[in-house]
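> Here is what each chain is made of, one letter per residue.
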Amino acid sequence: MKEIVLKVKEQPRVGLEAENIAPAVFAGKSVSEISALPVFEGNSERRLDDFFEVTGVAAETSAETRIVIDGDVSLTKRIGQGMRDGELRVKGSAGMHLGSKMRGGKITVDGDCEAYCFQEMRGGTVHIKGNAGNYLGSAVRGNWRGMRGGTITVDGNAGSEIATFMKGGKIHVKGDCASFAGVHMNKGLIVIDGRSERRIGAEMIGGTVVAGAVDAMLVGFTLLENVKDPEIEGEKFTGTYKKYSGDHADTRAKGTVWVKE
Amino acid sequence: MNVTLITGRTIKQGMVIEHKDSTMYTDANAICEFDPDDMKKLKVSEGDTVEVSSEDGEVYVRAVKSLQSPHKNIIFIPMGPWANQVTSPETNSVGMPSFKGVPAKVELAKDRKVLTYPELLKQSFGK
Amino acid sequence: MEIHTDVICPFCGTLCDDIEVHVENGRVMEALNACKLGNAKFMSMNKKHRHLVPRIRKDEGFTKTTIEDAVARAAQMLVDAKRPLLYGWATTVCEAQSVGIELAEEVGGVIDSCASVCHGPSVLAIQDVGFPSVTLGEVKNRADLDIYWGSNPMHAHPRHMSRYSRYPRGYFRERGQLDRTVVVLDVRKTDTAGIADKFLQVTPGDDYELVNAFRTLLHGGEIPDEVAGISKKDITETLEIMKSCQFGVLFFGVGLTMSPGKHRNIDNAISLVAELNKHTKFNLIPMRGHYNVTGFSEVLTWQSGFPFGVDYTRGYPQYNPGETTSVELLCRGEVDAIFVVGSDPAANFPKKAVAHLAKIPSVAIEPHETPTTYLCDLNIPSAIAGIEVEGTAYRMDNVPLRARKIMEPPAGLYSDREILEMILEKVREIKNGV
Amino acid sequence: MEFEIKNGIVFDPLNKVDGERKDILIRDGRIVEKLKGKHETIDAAGRLVMPGGVEIHSHFAGGKETAGRLLRPEDGARVVYPKQNGLRSGSGYSMPSSFTAGYLYAQMGYTMCNTPAMPPLFARHTHEELGDVPIVDKSAYPTFDGNWFVMRYLKEGDPDKLAACVAWFMRATKGLVIKIVNPGGTENWGWGKNAVGIDDNIIGFDVTPAEIVSGLLEANERLKLPHSIHLHPNNLGKPGNIETTIETLELGKSVKSHSDRQSVYLTHAQFHSFGGDSWKNFESKADELAKYINSCDHVVCDTGNVTLDETTTMTSDGPMEYFLHNLTHLKWVNKDVELETAPGITPFIYSRKNPVHSVQWAIGLELALLIDDPFKVLLATDHPNGGPFTRYPRIIAWLMSEPYRKYYMDERVHKGAQKGSSLATLDREYTFSDIAVVTRAGQAKALGLSELKGHLGVGAHGDVAIYDIDPSAVDPSKDYKAIEKGFAKTAYTIKDGEVIVRDGAIVATPQGRTYWANPVVDHELDREMAKDLEQYFKKYYSVNLANYPVQKTYLKRGREIQIDARDVK
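Chains as they are written, first to last, in this note's numbering: chain A, 12 to 272; chain B, 2 to 128; chain C, 2 to 435; chain D, 7 to 575.
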């Protein structure tokens, strides 16, 4: 594994779009080539090194390339977009659309990530050590096919409408979660260790959501049974869990929500 | 008193949209509509100045008895610069702020003045 | 005295087209058929004070300038900006909106309309689950059930009920009102609720729960004794009314789009309406506010593919409300100039958003003095679209009409379109280094 | 500006030119015999030269088209077109935005596009939007399937007023063609019902689909409209609908066309050629429809090819779209239009792995190959319903290459296509001349515009498409990929004698014409009919009569086709 380090020099004025910060783009390029890559501050095209000090070496292949971002890039969008392999680490907080449509590889964020990260993700491993914003691992506007694969782990809390229209993969939120977790969910697994706001699993027609606690369940959910130490999607959970089916607001309801007593 | 704040359109306000530079605009918008029972509870009478406050700010407006009651524990302020001193910018990442259903506090503030919008904007934005 | 018939009222999304306006030497004498709101707008044409030349902020106040200077400054501001926001558009005609979109594309900015703080959430819901709808004439001719949810037409759309829903006689509804049932759902007992056959007072913020209960019940599920402050009995009865009508329509307002749940309230309501079509004929119509907010979304959609909150900074349209919409852009400080046409964000945005608006270079194209013109650095007064300028406007049900010109604007005032065309031309001059 | 297109290999079926090396001369925007003076010369040696393409049925602009774009931001995000070289930006895979649609058609060599289902009440929108579709000439077809005046006059047995009101709607909507979508079914949809057979009753009006079609057929010929009625019969997309389709076409036999064109135009025939009585025993009946069309002279159809893409279905057939929505559970738009029609929209994914979709793919091609005379079966996907128009080059390649079709049969689509259709047994391959017919000459003739469009004879518009295909060198049967590539972008598209596309790139974006028909009937009759209009508008429309007709200002470059129909009295 070879490593390229991007040290934050300057914060963008109106946000930065930097889909070029991705292992596949860096692979096989020299530091000076990488420094010259275009990034977009609003409507003006800038160079990557206008905002970052670039050091290190990129590997020949993306699989062998690790990118480390040193600093806060919460105003920088689209980092690691469409990533298929390689590694990315953000020592700070990351902006919108981080790892959107990601298919493989590994992304770690030491801080928080903004809204719309990992939309329509298909594969790979993600670890957010801080909090995640709204629409984590969701579908883009209008699409009925959301996240399909890969795993996202959030050590902190997550925002509202995570995993909209989810079709596969797993999201694990160790903290609390705002409203509408898994809205319109179809397949896949969401695990919330902490408390979920109301409307969890709203309009879900399939898939599984597990929560440590909920503010309220929608009336479209039917309590099936209480299960002690259940095994859910091949994972063991300790304690007694209420098992609900729903959301029966939809005729096709085949979703399951587990809530710890 | 803890209340739920609703903002929205009123016909009075709609009728002065072309006259924002007149006192009619302040009269139609710098108000807070109360459920009659809530007014009794607060000992507020028609025309009194009240302070409405939320996580995002506070504003002084005139108390008005609601003609569209009952709505216990709900106050209504017409959409406009006064209402937006206390509405929430939280959009849940969908573009829409929280103009309705905002948790707020309201109390009598008889001696306080209701500002015109230039005074209000000057005070808030120094411009 | 000139008598103008079949005048289109440029106030709300009801877009009444039967106004008769009497004009005598430049004064509006009366506006027959118009409601209080429409009448007030036509009568405001007689207002004494109206700015006739552009004004620039100077020290504590404003100083007058020429249209040429104003156009040059506006163009320069847009060219200099890395991500200008071009906002408003709901109270002008499509012909002006179209130039505005071209301008946004030319300067690489974001163009957004007041839909984003009005029925934008309805659009997001439509994009997730669809939109079973009809034109208002269908309601007039067929509907025997009109539901108003989170909407108070008596205040916001005063003639809506008399023209289309509650009162008119229609082909299949010859007895008018006698053939129709009106149900109102709101958090307050509104004036509209006052004339309803059935009123359900919903706990604020619980609309989503109530729709969820309706749908669950519709599919034979169980619901508790009370949901959202409504008794099981009332929910069951209301659902029966919906299932047993011949033609039902749900009119929904910002009471749903602005309350907790926002677009998801609409999303769920749309699915309820779609599913009711298994039992009877059911549709819904959003109670759009400004008279041509719908027109803007039509023009922007056929030109760019997206209805509002379109970001042209990369040279192609990008759409993601919540990211590319005005309130977030202002609150996150992601725009460095604002260009407002026919709207009043300083009055209608939350304080935090207005604070950034007040900080950045700003231009307002607007006939009247408003909180926005008060905060903007440059004000260009314009002729009043739909009264002094003709052009296209789209009704809340997307029916396009041609707004009429019934009087000349004061000398020296240009239409929004003309002003925008001048600015666009100037922008191109500057970019080509002329 | 004068032009000489030298040494091209020209296919111009309407003038019986079949692959001759021939020079085309253009002056003042028209094809001429001689040039006067200075002129630009384009060397077309070794290149394929055809008249500009004519699109006869594509939902590229209008109210429901824009509703379809609004419904699908995910389709918009799928392809974006940046602003560049003076071109406007845009987006959309299955529903390109307006400017982009004009550019894409011109790049394929098309110079005229017609939008086939305009609800009269939304005509103003359609024309506003057409103004933002650059380059191509255009027209719109107002829908009459659920028109209350038409049904009223049918019931009252007043064919004269019926014709007069059709003439009024043409004038009011600036329309060119009588479009009929699911006759009567769209009115019944006002009650959540449909009309699946031609003798079903239409609620509240006591007429039948058959009466609506016959009545409009007669009116169309009495008004001497350029095109015939443009028909989307009842029961679209349902197993076994072939019977309804042929019963409907039979209605046209009795009415004589006023000109040399067909009296009935059957659109997107693929969707109307289904056998079986369920999706399980669903099969192609293309052979049956082809047999019928071969046996008579009053019908022309277009294929309505399915291209096996994810697309957006949009028709004025509201009940059908609701039916689709219940099949797929995907998001659904409905838009019933008072007194007129009932459009609907829902996304649809045609899957190669799906037996039904694969048979539908086969049917479109079968029709083209089984109907002997290419002038009777034109190429269209009912964009975007069967697939986006950008797939035309691939369809052309399929038609010209049996091996290409076989490759799809064997490798790409579900085996069901072999069982459910006869495509595997068809070895016919289209010639370049056939392609010229089914993409331009046939459309122009069917539309009744063949004086100006679809050919390269003297007096025709100077609309020419030059493709980088050398007919003398290429074997379309083997080099089908070269054909697909060659028809995707022209070397030159010339419109009205102006170079629009050079080497596949747009170099000019003039405003095209908008054609509309204005049949003038007897003045007295018109006045009588107008009284009924006033009454119905007052009572039933939600807009005033005075605000209904589309002002001429909406047609940026309008072309009125005046027709003397004063014998209608």
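These are computed hints drawn from the structure, not numbers from a lab. Among the hints, a few may not be true.
[As the list claims (entries may be wrong)] Taking lysine to aspartate or glutamate pairs in the DMTMM-like style, the calculated list, with each CA pair at most 20 Å apart, reads:
1. Lys-13/A to Asp-81/A
2. Lys-353/C to Glu-56/B
3. Lys-89/D to Glu-430/C
4. Lys-128/B to Glu-430/C
5. Lys-48/C to Asp-22/B
6. Lys-265/A to Glu-223/C
7. Lys-412/D to Asp-502/D
> Check the structure against each numbered hint from earlier and tell me which ones fail, lowest number first.
Those not satisfied are hints 4, 7.
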